[in-house]
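Novice: Here is what each chain is made of, one letter per residue.
2 protein chains.
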Amino acid sequence: MSAIDPNGERWLAICGGIGGAKLALGLSRILPPENLTIVVNTGDDFRHFGLHVSPDVDTVLYTLAGLSNTELGWGLAGETWTFMEQVERLGGPSWFRLGDRDLATHAVRTAMLANGSSLTDVTRHLATRLGIGPSVIPMCDAPVATVVDSDEGTLAFQTYFVGRRAEPRIRAIRFDGATTASPSPEAIAALEDPRLAGIVICPSNPWLSIDPLLAVPGWRMRLEQRRVPCVAVTPLIGGEAVKGPTAKIMGELGLPLDVAEIVSHYRGLLDGFVLDAVDAARAPALPLPTVVTNTLMRTLDDRIELAKATLAFCRTLPADGLERTR
Amino acid sequence: MSAIDPNGERWLAICGGIGGAKLALGLSRILPPENLTIVVNTGDDFRHFGLHVSPDVDTVLYTLAGLSNTELGWGLAGETWTFMEQVERLGGPSWFRLGDRDLATHAVRTAMLANGSSLTDVTRHLATRLGIGPSVIPMCDAPVATVVDSDEGTLAFQTYFVGRRAEPRIRAIRFDGATTASPSPEAIAALEDPRLAGIVICPSNPWLSIDPLLAVPGWRMRLEQRRVPCVAVTPLIGGEAVKGPTAKIMGELGLPLDVAEIVSHYRGLLDGFVLDAVDAARAPALPLPTVVTNTLMRTLDDRIELAKATLAFCRTLPADGLERTR
Chain A
4 MSAIDPNGER WLAICGGIGG AKLALGLSRI LPPENLTIVV NTGDDFRHFG LHVSPDVDTV
64 LYTLAGLSNT ELGWGLAGET WTFMEQVERL GGPSWFRLGD RDLATHAVRT AMLANGSSLT
124 DVTRHLATRL GIGPSVIPMC DAPVATVVDS DEGTLAFQTY FVGRRAEPRI RAIRFDGATT
184 ASPSPEAIAA LEDPRLAGIV ICPSNPWLSI DPLLAVPGWR MRLEQRRVPC VAVTPLIGGE
244 AVKGPTAKIM GELGLPLDVA EIVSHYRGLL DGFVLDAVDA ARAPALPLPT VVTNTLMRTL
304 DDRIELAKAT LAFCRTLPAD GLERTR
Chain B
4 MSAIDPNGER WLAICGGIGG AKLALGLSRI LPPENLTIVV NTGDDFRHFG LHVSPDVDTV
64 LYTLAGLSNT ELGWGLAGET WTFMEQVERL GGPSWFRLGD RDLATHAVRT AMLANGSSLT
124 DVTRHLATRL GIGPSVIPMC DAPVATVVDS DEGTLAFQTY FVGRRAEPRI RAIRFDGATT
184 ASPSPEAIAA LEDPRLAGIV ICPSNPWLSI DPLLAVPGWR MRLEQRRVPC VAVTPLIGGE
244 AVKGPTAKIM GELGLPLDVA EIVSHYRGLL DGFVLDAVDA ARAPALPLPT VVTNTLMRTL
304 DDRIELAKAT LAFCRTLPAD GLERTR
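Chains as they are written, first to last, in the working numbering: chain A, 4 to 329; chain B, 4 to 329.
It is worth saying that the hints were derived from the structure and are not from the lab. Be aware that one or more of the hints could be misleading.
[Said to hold, decoys possible] What the simulated footprint calls covered on chain A by chain B, stretch by stretch (three residues with Cβ under 8 Å from a Cβ of chain B suffice, anywhere in the stretch; the number is not a length):
| no. | region |
| --- | --- |
| 1 | 49-55 |
| 2 | 75-87 |
| 3 | 100-106 |
| 4 | 124-138 |
For every residue, glycine included, the Cβ atom is placed at its ideal position computed from N, Cα and C.
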C-alpha cells in the first residue's frame, strides 16, 4: 500500500488527546488499517452524570472518523446542545460540556460496561460503528485516575483541566490505580506481535497524557524491554507547547523548558527523537539519534508528512535495543 | 383561595404515571400549592445508560409544569432526538427512548444522587427548577423495583412495560426492596400533618403503580391507621382502563373486570370510592360510600372538575376512621 510499509510491518502509537490524535490521524492515512494500533491514555476518564467519559479515547475516535469538531477543538462536528441547555435550566453541573451526540458515546459505553464488556471491547465496538480501520485500544481496562496535587489542593483531573482550566499550579501528579492495572490482552498482543516494526510516542503531554500509561508496570516493563525501536515526537516547539499546559506544568515542576528535558523524561524508553526545525540547534546536544522536521500539524498534509518522517526515521534505528539511551 | 379549601386544609394524593398525574394536575389547579402533596410511585425506576430514570416522578413533574408531551403521552413537549439517533448509529439500546431535554432530568438526578442527595431532595430540586408549586415526593428514597413474573419469565418492569409493551402474561408481581424501605421524613410529615384533611388514591394502575407504595410497610401501616378519610378514584370505566394494562392484568390474575374488585383490592384503606357515571349501577353493591361523576379526563376542565368532586366527596366522609371498609 505504501512505500513506508513494504512488508506489512505493524506499528504501535501511544497518545493522549488532541495533539497525539493529530499524528495518529496522519499515521492512519499512510498505513493499512490492520497495520496500526493506537493506544490511548485513560487517566483522564471520569464519571459525569453517572456516565463513563473517556475524553482522550473519544478525541482519537472522533479524529480518526473525521467527525471531530475543529472549531471547538473537542467533541463532535455539527454538535447540538439541547441537553446542556436543559441541564443548566435544571441547575445541574455545566462545567463539562456534553453535546447531544457526544452523549451517546458515553451512554453506549456506560451501558456496555454495565453489561460486562471491557473498555477495550467497548472501544472496538465504537470504532467499528464509526467506520474506523486501525485498532484503537485504551491503555488498560481497569480504572486509572490522574490526580493533581496543586496549590488549590488535590484535584481530580477533569476538575483541574476543564473545571479550573489548568490554572492551579501543579506540585505533583499521581495515577490512582495504575500500579495494579495492566495492559489488556489486545495491547500485549500488539506489543508482542513479531511483525511490530516500531513504537511511536505521539506529541502528547508527557506528564498528563503519556505518564499514566508509563505508570502501569506492565506497560513500562514491556516498553523498556522492547525489541523494536521507539521514537517520541516532540510535544515542545521552541520551548512552547502547541496547545495545552505542557510548558506551564514543566515550569511548575521546576523543569527547564527544553526538548532535552522531554528526552530525559522518557529515559530508557527512546531510541530516537523527532524534533522541530525550530529546535534544530538542540539536536547535537541530545543523547540519542534525532531527526529534524516540521512538527506543527496545521493541515492534514502536515499530519501525513510528520507521520511519514517519523516512521522513516524509526526504520533507520537499530531494532535490537542495543543502542538505547540509558 | 377556593371554596373547597376554606381552612388551609392539606391534601395528600398518591399516584403513578399518566392517569394519576392528570388528577394531580387537576388538584394542583384548585388547591394552594402549599396545601397539596403528591406522592409518586418509584417502583418503575431503573438505571438506563447508567442514569437514574424515575418515569412516574418525571411524568408528574412534567405534567404539573405544563411541559408534558401530550402527543406521545410521555416525555417533554417539543422534544428532540439527536441523542437517540446517535445511540442507534452506535448500536446502543434504543428500546427506551430518551429525548435530549428529558435526558437532562435523569442526568441531574444521577449527579445529585451520586453527591449524596436523597431522591426526595432531588425531586424537590427538580420541581422547584420547573416552577412547580405543590410538593412532589417519591414514595421512598430507597430503591424499590417492580418485577413481573410472566409467561416470558421474570422481567424487570421497564423490560416488561416498554421493552415488551406489556404483552407478556403476568402471573405475579413483586416489589424488590419494598419491605425494607420506608416513607421519607417528608412523606411522614405530610401524612402526620394535623391539617391533613384527606388522602386521594389517583386513578393509577393499582397493581403496578399503587401497590409498590402499599408494599412499603411504613406506608401501609400509616394508611391503615389514618385519622382522615381516604378515597380512591376508579382506574376502570365500564370494565376498561382508559390507558395502560390495568384490565389486561386483572384478567391475567384471574380477577373480574369490575370496580368492586378495585375496592376489594384496596380493602382496609378506603373510606369512599369515586366511580364513573358509566358504572353508576354498580354503586349500591359497593361496601362503602361512593360518588358518581365523570372520571374520564380529556381536558384540563375534566381534570379540575374531577379533582373538585373528589375533594368535596372526601370532605363528606367521617374523618375518624370509625366507618371504614374492613
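Novice: Can you tell me if the region 75-87 of chain A counts as covered by chain B, using C-beta to C-beta distances under 8 Å and a minimum of three residues?
Specialist: As far as the region 75-87 of chain A goes, the hint holds, because 4 residues have Cβ atoms under 8 Å from chain B.
Novice: Report holds or violated for chain B covering the region 49-55 of chain A, Cβ cut-off 8 Å, minimum 3 residues.
Specialist: It holds: at least three residues are needed, and the region 49-55 of chain A offers 6 whose Cβ sits within less than 8 Å of chain B.
Novice: Within the assertion that chain B covers the region 100-106 of chain A, do at least three residues meet a Cβ-to-Cβ distance smaller than 8 Å?
Specialist: holds (count 3)
Novice: Are 3 or more residues of the region 124-138 of chain A near chain B, judged by a Cβ distance of less than 8 Å?
Specialist: holds (count 4)
The earlier numbered hints are all upheld by this structure, with none contradicted.
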